[in-house]
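Chemist: Here's the letter readout for the chains.
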Amino acid sequence: AQSVTQLDSQVPVFEEAPVELRCNYSSSVSVYLFWYVQYPNQGLQLLLKYLSGSTLVKGINGFEAEFNKSQTSFHLRKPSVHISDTAEYFCAVTRGTNAGKSTFGDGTTLTVKP
Amino acid sequence: SQTIHQWPATLVQPVGSPLSLECTVEGTSNPNLYWYRQAAGRGLQLLFYSVGIGQISSEVPQNLSASRPQDRQFILSSKKLLLSDSGFYLCAWSSGTGTKNIQYFGAGTRLSVL
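Chain order of the listed sequences is C and X.
Okay, so the first sequence: first residue is 1 according to my numbering, each after it adds one.
Okay, so the second sequence: first residue is 1001 according to my numbering, each after it adds one.
Where hints are given, some of them may not hold.
Quick look at which bits of chain C chain X covers, simulated, 3 or more residues with Cβ under 8 Å [claimed, not checked]:
id, stretch
1, 30 to 41
2, 45 to 53
3, 105 to 112
Calculated from the structure, these hints are not laboratory results.
Just so you know, even glycine gets a beta-carbon here, dropped at the ideal spot from N, CA and C.
Take these sequences, add in the hints, and give me the full structure.
Modeler: See the structure below:
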């Protein structure tokens, strides 16, 4: 079985500051990793994904994440955040066998202050 | 392009009443379909997923049920709602093959059981 741990439930930052949202996973097999963003009262939207190849992946809205196999981490970063980045962010993992379902973390609420 | 529709957007129901939430997907065939529940301040809990018509897997024991009467239609039901059924319900779909289970979410249904 796989599991996902998002290490911070809430992250407050000031506008234009850098931010890192942390995600660790555990799995006995290879995995695919995802970050989703959820704006208030909306569904989730894919932010970026790691499937294979380069461990640094870039997504929408200036976000990027780095897959670190030895540390089983997939942290999300942005060098300069905007007010509009205020949302909840979910890390998710799918087994490499593509069993048809993903495991989601509990989410991190990013609040960007002016 | 593919779209996913989920309705209603909000619903207030008394305890003990029945429930029916509907989700339909357009622009794809034989999708994997999912129902999640998101309780306030918590992550996503996978309730049901389906890889084909009439094929439903239940992830957690509860008084909810799911059905897939057509290829692109997924229904979440209950005969008698409990207070604990309140939450934000999300439907999602993914392609059955080759896309590593990237999930696309509907806008969600906010259910309040009073």
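Chemist: With reference to the structure, classify each hint as holding or not holding.
Modeler: Hint check results:
Remark: the stretch 30 to 41 of chain C is confirmed as covered by chain X, as 4 of its residues place a Cβ nearer than 8 Å to a Cβ of that chain, reaching the required three. Under a criterion of three residues with beta carbons nearer than 8 Å to beta carbons of chain X, the stated coverage of the stretch 45 to 53 of chain C is upheld, 4 such residues being counted. Counting residues of the stretch 105 to 112 of chain C whose CB lies closer than 8 Å to any CB of chain X gives 3, which reaches the minimum of 3, so the coverage claim holds.
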